[in-house]
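*Asks:* As you go down the protein sequences, you meet chains A and B in turn.
With the first letter of the first sequence counted as 1, position 350 gets the number 370 in the numbering used here; the numbers rise by one all the way through.
With the first letter of the second sequence counted as 1, position 511 gets the number 531 in the numbering used here; the numbers rise by one all the way through.
If you're looking for bench data, these hints aren't it; they were derived computationally from the structure.
There may be inaccurate statements among the hints.
You can't tell identical chains apart in this list, so a pair holds if it fits in one copy or across any two.
[Stated by the list, open to error] In silico EDC-like cross-links for lysine to aspartate or glutamate, where the CA-CA straight-line distance does not exceed 20 Å:
no.: 1; residue 1: LYS306; residue 2: GLU378
no.: 2; residue 1: LYS389; residue 2: GLU442
no.: 3; residue 1: LYS420; residue 2: ASP159
no.: 4; residue 1: LYS420; residue 2: ASP212
no.: 5; residue 1: LYS456; residue 2: GLU357
no.: 6; residue 1: LYS506; residue 2: ASP388
no.: 7; residue 1: LYS272; residue 2: ASP452
no.: 8; residue 1: LYS424; residue 2: ASP157
In case you want the letters, here they are:
2 protein chains.
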Amino acid sequence: MSGYRFYQKASEAYYSRPNLYNLLVISTVSGGGLLACSNSIPARTAYADAGGVRLRKKKIVSPRNYFAFTPLLPSVTNGTVEARSIVEPIRNIVRKKKFGVQFREAECYKIDTKNKKAHCKSIPQNNIGGSEDFTVDYDYLVIAMGARSNTFNTPGVVEHTHFLKEIEDAQKIRKTVIDCFERASLPSMSEDERRRILHFVVVGGGPTGVEFAAELHDFVVEDLAKLYPKLQSYATITLLEAGDNILNMFDKRIARFAEDKFKRDGIDLKVGSMVTKVTEKEICTKERATGQNVSIPYGMVVWSTGIGTRPVVMDFMKEIGQSDRRVLATDEWLRVEGCEDIYALGDCATINQRKVMEDIAAIFSKADKNSTGKLRADDFKEVINDISERYPQVVIHLKKEQVKNFLQLLKNAQGEDEMDIEKFKIALSAVDAQLKNLPATAQVAAQQGSYLAECFNRMDECEKNPRGPLRFRGSGRHRFKAFRYKHLGQFAPLGGEQTAAQLPGDWVSIGHSTQWLWYSVYASKLVSWRTRVLVITDWGRRFIFGRDSSKI
Amino acid sequence: MSGYRFYQKASEAYYSRPNLYNLLVISTVSGGGLLACSNSIPARTAYADAGGVRLRKKKIVSPRNYFAFTPLLPSVTNGTVEARSIVEPIRNIVRKKKFGVQFREAECYKIDTKNKKAHCKSIPQNNIGGSEDFTVDYDYLVIAMGARSNTFNTPGVVEHTHFLKEIEDAQKIRKTVIDCFERASLPSMSEDERRRILHFVVVGGGPTGVEFAAELHDFVVEDLAKLYPKLQSYATITLLEAGDNILNMFDKRIARFAEDKFKRDGIDLKVGSMVTKVTEKEICTKERATGQNVSIPYGMVVWSTGIGTRPVVMDFMKEIGQSDRRVLATDEWLRVEGCEDIYALGDCATINQRKVMEDIAAIFSKADKNSTGKLRADDFKEVINDISERYPQVVIHLKKEQVKNFLQLLKNAQGEDEMDIEKFKIALSAVDAQLKNLPATAQVAAQQGSYLAECFNRMDECEKNPRGPLRFRGSGRHRFKAFRYKHLGQFAPLGGEQTAAQLPGDWVSIGHSTQWLWYSVYASKLVSWRTRVLVITDWGRRFIFGRDSSKI
Numbered sequence: 021m022s023g024y025r026f027y028q029k030a031s032e033a034y035y036s037r038p039n040l041y042n043l044l045v046i047s048t049v050s051g052g053g054l055l056a057c058s059n060s061i062p063a064r065t066a067y068a069d070a071g072g073v074r075l076r077k078k079k080i081v082s083p084r085n086y087f088a089f090t091p092l093l094p095s096v097t098n099g100t101v102e103a104r105s106i107v108e109p110i111r112n113i114v115r116k117k118k119f120g121v122q123f124r125e126a127e128c129y130k131i132d133t134k135n136k137k138a139h140c141k142s143i144p145q146n147n148i149g150g151s152e153d154f155t156v157d158y159d160y161l162v163i164a165m166g167a168r169s170n171t172f173n174t175p176g177v178v179e180h181t182h183f184l185k186e187i188e189d190a191q192k193i194r195k196t197v198i199d200c201f202e203r204a205s206l207p208s209m210s211e212d213e214r215r216r217i218l219h220f221v222v223v224g225g226g227p228t229g230v231e232f233a234a235e236l237h238d239f240v241v242e243d244l245a246k247l248y249p250k251l252q253s254y255a256t257i258t259l260l261e262a263g264d265n266i267l268n269m270f271d272k273r274i275a276r277f278a279e280d281k282f283k284r285d286g287i288d289l290k291v292g293s294m295v296t297k298v299t300e301k302e303i304c305t306k307e308r309a310t311g312q313n314v315s316i317p318y319g320m321v322v323w324s325t326g327i328g329t330r331p332v333v334m335d336f337m338k339e340i341g342q343s344d345r346r347v348l349a350t351d352e353w354l355r356v357e358g359c360e361d362i363y364a365l366g367d368c369a370t371i372n373q374r375k376v377m378e379d380i381a382a383i384f385s386k387a388d389k390n391s392t393g394k395l396r397a398d399d400f401k402e403v404i405n406d407i408s409e410r411y412p413q414v415v416i417h418l419k420k421e422q423v424k425n426f427l428q429l430l431k432n433a434q435g436e437d438e439m440d441i442e443k444f445k446i447a448l449s450a451v452d453a454q455l456k457n458l459p460a461t462a463q464v465a466a467q468q469g470s471y472l473a474e475c476f477n478r479m480d481e482c483e484k485n486p487r488g489p490l491r492f493r494g495s496g497r498h499r500f501k502a503f504r505y506k507h508l509g510q511f512a513p514l515g516g517e518q519t520a521a522q523l524p525g526d527w528v529s530i531g532h533s534t535q536w537l538w539y540s541v542y543a544s545k546l547v548s549w550r551t552r553v554l555v556i557t558d559w560g561r562r563f564i565f566g567r568d569s570s571k572i
Numbered sequence: 021m022s023g024y025r026f027y028q029k030a031s032e033a034y035y036s037r038p039n040l041y042n043l044l045v046i047s048t049v050s051g052g053g054l055l056a057c058s059n060s061i062p063a064r065t066a067y068a069d070a071g072g073v074r075l076r077k078k079k080i081v082s083p084r085n086y087f088a089f090t091p092l093l094p095s096v097t098n099g100t101v102e103a104r105s106i107v108e109p110i111r112n113i114v115r116k117k118k119f120g121v122q123f124r125e126a127e128c129y130k131i132d133t134k135n136k137k138a139h140c141k142s143i144p145q146n147n148i149g150g151s152e153d154f155t156v157d158y159d160y161l162v163i164a165m166g167a168r169s170n171t172f173n174t175p176g177v178v179e180h181t182h183f184l185k186e187i188e189d190a191q192k193i194r195k196t197v198i199d200c201f202e203r204a205s206l207p208s209m210s211e212d213e214r215r216r217i218l219h220f221v222v223v224g225g226g227p228t229g230v231e232f233a234a235e236l237h238d239f240v241v242e243d244l245a246k247l248y249p250k251l252q253s254y255a256t257i258t259l260l261e262a263g264d265n266i267l268n269m270f271d272k273r274i275a276r277f278a279e280d281k282f283k284r285d286g287i288d289l290k291v292g293s294m295v296t297k298v299t300e301k302e303i304c305t306k307e308r309a310t311g312q313n314v315s316i317p318y319g320m321v322v323w324s325t326g327i328g329t330r331p332v333v334m335d336f337m338k339e340i341g342q343s344d345r346r347v348l349a350t351d352e353w354l355r356v357e358g359c360e361d362i363y364a365l366g367d368c369a370t371i372n373q374r375k376v377m378e379d380i381a382a383i384f385s386k387a388d389k390n391s392t393g394k395l396r397a398d399d400f401k402e403v404i405n406d407i408s409e410r411y412p413q414v415v416i417h418l419k420k421e422q423v424k425n426f427l428q429l430l431k432n433a434q435g436e437d438e439m440d441i442e443k444f445k446i447a448l449s450a451v452d453a454q455l456k457n458l459p460a461t462a463q464v465a466a467q468q469g470s471y472l473a474e475c476f477n478r479m480d481e482c483e484k485n486p487r488g489p490l491r492f493r494g495s496g497r498h499r500f501k502a503f504r505y506k507h508l509g510q511f512a513p514l515g516g517e518q519t520a521a522q523l524p525g526d527w528v529s530i531g532h533s534t535q536w537l538w539y540s541v542y543a544s545k546l547v548s549w550r551t552r553v554l555v556i557t558d559w560g561r562r563f564i565f566g567r568d569s570s571k572i
């Protein structure tokens with residue numbers, strides 16, 4: 021009942037203390053929602069009333085009433101893990117923390133920045149009722165809408181292929197694989213038809229595509245081969261990658277290992293193969309090497325080729341004058357550019373890191389306190405830290421160039437111990453080259469989630485004594501330190517109890533031991549103790565009984 | 021691979037030993053299939069080659085590639101048990117036993133008795149291909165098609181209500197309950213609408229309906245109330261029963277206990293209430309007591325009012341001249357009347373027990389060896405056992421009338437120690453009144469399954485030396501003993517960890533202890549060790565974490 025009581029208290033409080041705020045988190049993908057909310061809202065706002073900004077109500081709007089731990093989705097496609105084991109009902113999380121979050125199972129289809137309202141509609145249900153339409157108002161808005169699969173407008177993709185972003189996708193894929201095997205064992209099937217139905221195509225050689233291909237191969241070889249012995253020789257898996265090699269965000273060694281393993285496993289890997297069209301029973305590609313068009317009969321296609329922006333986010337971007345950009349742009353504090361009190365995190369946004377060159381004059385003059393137009397080494401001393409905090413690319417550059425520190429960098433640029441703006445420019449000219457976008461991973465979104473929570477909890481406090489770097493173009497300091505991503509490494513499961521991992525410091529680890537590292541890391545990252553127990557018992561069940569092949 | 025090898029051996033064998041037979045089991049409900057096949061086919065046909073009739077091939081045709089333990093379906097509707105935990109892939113069972121069963125995931129839509137073929141078609145799949153059509157030939161056919169829910173042609177039932185016969189039904193119900201709660205918590209809902217959406221109606225006061233109502237009540241009170249505190253006061257459950265009381269096949273004490281418990285739980289029980297129509301948002305009933313028509317707004321209706329015959333079985337009945345009957349009629353050996361080598365079991369058939377009065381003359385003359393037209397007590401001695409075995413109603417009658425034995429019965433009928441056919445008739449006149457059909461339960465079907473298996477395994481052997489009773493109308497003996505149902509008791513779970521059980525000898529047991537009996541019995545009855553472990557861990561998970569409310 022705690023939730024209920026809070027709700028009542030809060031609404032009484034509303035009248036007594038009108039200076040309370042609404043925080044609204046909108047999400048469309050179960051994953052995005054998870055990371056934004058489970059961290060920032062329930063986990064932290066317990067402190068919110070002490071110290072943090074006074075939040076009258078925290079509201080979550082998501083079309084799904086559960087959070088899913090999406091990194092385990094590929095394991096759901098073949099039943100290594102049950103769908104139910106990687107989800108946690110939002111209301112469970114909300115209830116556990118001793119305060120009320122108001123959850124709405126609905127989709128936000130329009131953000132009205134002028135009146136600070138989010139327009140939402142519920143998904144219509146056959147006989148319960150049609151689509152309900154309502155608005156939710158906010159003072160602070162967090163957009164955690166994730167992204168949709170990118171079809172690159174390839175014809176037939178939406179109609180005929182499976183994506184792998186949501187629980188439902190994974191369940192559908194699982195059913196379809198079994199379907200294919202059951203149909204292929206019907207007596208009326210021709211040899212060719214049988215071969216077609218059992219041809220599984222994966223488009224996209226990214227981590228997801230590769231992991232799925234590997235998981236599928238395990239399912240076929242370890243489980244289905246026993247149940248459909250006569251079909252084993254017919255089943256084939258093809259992985260299509262438009263680029264020159266798979267897992268290109270990983271270290272070359274990992275990519276090579278994966279390619280070799282796939283060759284051994286008999287997974288047909290086609291690089292430089294660009295999908296041009298998908299029909300009901302054939303997938304058409306253009307081979308870069310030969311330039312010829314090939315069309316391959318298939319039984320199932322899984323499409324995992326990067327991400328695109330959701331229509332609702334597109335509309336929002338138009339409204340706030342970001343229509344020229346690919347994804348929503350935020351500043352280093354995750355504030356959506358050109359908006360008040362709107363934050364964005366996860367796959368729907370990128371951080372638009374300020375360039376040093378844009379601010380070079382401002383930086384110079386801040387350093388040049390007694391504005392002589394010339395800078396001495398010791399003039400910098402005070403601003404060095406602020407510069408490297410405000411412009412992290414400087415630090416990266418130093419590390420890359422193996423320069424001891426900022427002063428050294430300037431020294432290298434010029435002989436004398438004094439420099440003007442021009443020299444200063446030259447010294448820092450190369451720095452901005454280090455800028456690159458963060459990967460669209462759950463890890464990034466999770467860190468952004470906890471960062472935002474931190475900010476909301478300290479907002480009042482930091483208003484009084486700011487903790488951020490100098491405002492080079494303005495006066496004073498920024499309220500908060502800017503968001504900084506800590507890369508904790510990335511896994512690439514390759515099937516057969518083997519996993520590759522790229523750990524911080526480009527340390528690469530491949531093999532069975534890494535698989536166990538994978539098990540333990542993922543288990544520890546799960547939402548709740550409940551899901552942890554469920555997933556681990558699922559792994560146990562699989563080791564003992566194998567995967568289930570019932571078509572449900 | 022064992023299955024594969026058998027298949028090869030068998031087909032070689034076919035040419036060398038043409039006197040081998042095909043056994044085909046057709047099923048439409050996952051439950052029916054389970055009981056026919058898991059008992060008769062895999063579990064036993066291991067012996068089949070030694071002693072039993074030589075079966076060249078055993079074939080199973082079912083639209084689902086798994087067997088489900090249907091008695092646990094109500095527990096699936098609220099997540100006390102996961103759907104996956106009560107199913108076992110047919111191919112798993114088939115594979116485990118060291119011999120080949122040929123399984124087809126398809127539906128039998130026509131039985132051609134003349135050419136001994138079953139016409140089957142597969143369920144069409146979106147992009148894998150359309151519906152495949154093929155025939156399977158048989159020498160022996162077992163019909164285990166179960167039954168469908170009986171709508172009594174009430175308008176709107178098929179369109180708007182949920183049945184509870186298949187896994188998919190249970191899953192849909194579970195989703196819908198959560199849907200109702202999520203929608204009811206939308207701000208745009210009116211009070212009335214909210215009350216409507218959270219009104220759950222169960223039609224039919226049989227064991228399934230009662231158990232479901234109880235399970236739903238537990239789900240709402242134990243789990244959902246915590247997650248949707250504001251909605252608890254809106255949620256209501258109504259159980260509609262057309263008859264005068266619920267659980268009428270049980271002892272009165274059980275029915276009364278259930279009614280009292282429902283009253284305490286606040287489940288609204290309406291007896292004598294006949295559903296006349298179901299619209300999208302209202303269910304219309306006619307109250308027998310008042311004679312007036314009532315229409316009740318609802319959010320979800322679950323329909324469990326007895327069983328009806330499937331269209332394919334109807335067609336078959338027409339073809340074999342049983343069109344006047346309600347369900348398929350078999351003799352006491354489960355052979356479909358008017359057919360060769362066709363057997364039927366489970367809900368799709370009833371045993372047409374031969375009446376004593378029909379055969380009275382034949383019985384008399386068999387007893388009257390030296391055909392004097394008169395019978396002495398000692399004339400009977402030899403035939404008594406055969407009579408009571410061939411006509412079990414005699415035994416039931418004796419028990420009921422508390423007559424020590426058959427002779428006594430005759431003595432009571434007449435003073436002298438000699439009787440003619442007329443007196444004989446009078447003596448036995450009351451006997452046939454004891455005949456009644458077996459209940460449509462999984463228990464019956466299961467026993468019939470193992471009985472048939474037994475028969476197939478001993479066919480050759482029993483051909484030589486029959487084990488059945490005398491053929492009163494013919495000469496010699498029947499090959500097999502007739503099927504005899506052993507009632508092992510029946511459970512009626514009433515929620516709140518309380519269960520009522522009616523055990524053999526009309527011993528009634530109600531309460532928590534019975535719940536534990538229920539747990540252990542059901543656990544022991546499950547198909548495989550896998551499902552046993554799964555169900556038990558599910559129970560454990562539920563005790564620890566409660567039921568999951570994610571809408572997947």
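*Asks:* Evaluate LYS389 and GLU442 at a C-alpha cut-off of 20 Å and name the case that applies: within, between, both or neither.
*Replies:* Classified as within; 18 Å inside a copy, 131 Å across copies.
*Asks:* Taking 20 Å as the upper bound on the Cα-Cα distance, should LYS306 and GLU378 be classified as within, between, both, or neither?
*Replies:* This pair counts as neither: shortest intra-copy Cα distance 42 Å, inter-copy 80 Å.
*Asks:* How do LYS272 and ASP452 come out at 20 Å by Cα distance, when the copy is not named: within, between, both, or neither?
*Replies:* Close neither inside one copy (25 Å) nor across copies (85 Å); limit 20 Å.
*Asks:* Between the shortest in-copy and the shortest cross-copy C-alpha distance, which are at most 20 Å for LYS456 and GLU357: within, between, both, or neither?
*Replies:* within (18 Å within a copy, 79 Å between copies)
*Asks:* Measure nothing new, just compare the shortest in-copy and cross-copy C-alpha distances for LYS420 and ASP212 to 20 Å and report within, between, both or neither.
*Replies:* neither (55 Å within a copy, 67 Å between copies)
*Asks:* Can you give me the call for LYS420 and ASP159, within, between, both or neither, at a CA distance of at most 20 Å?
*Replies:* This pair counts as neither: shortest intra-copy Cα distance 42 Å, inter-copy 79 Å.
*Asks:* At 20 Å max between alpha carbons, let me know whether LYS506 reaches ASP388 within a copy, between copies, both or neither.
*Replies:* Neither. Shortest intra-copy (33 Å) and inter-copy (100 Å) distances fail the 20 Å Cα cut-off.
*Asks:* For LYS424 vs ASP157, is the C-alpha pair at or below 20 Å within one copy, between two copies, both, or neither?
*Replies:* neither (51 Å within a copy, 84 Å between copies)
Checked against the numbered hints listed earlier, the structure breaks hints 1, 3, 4, 6, 7, 8; every other hint is satisfied.
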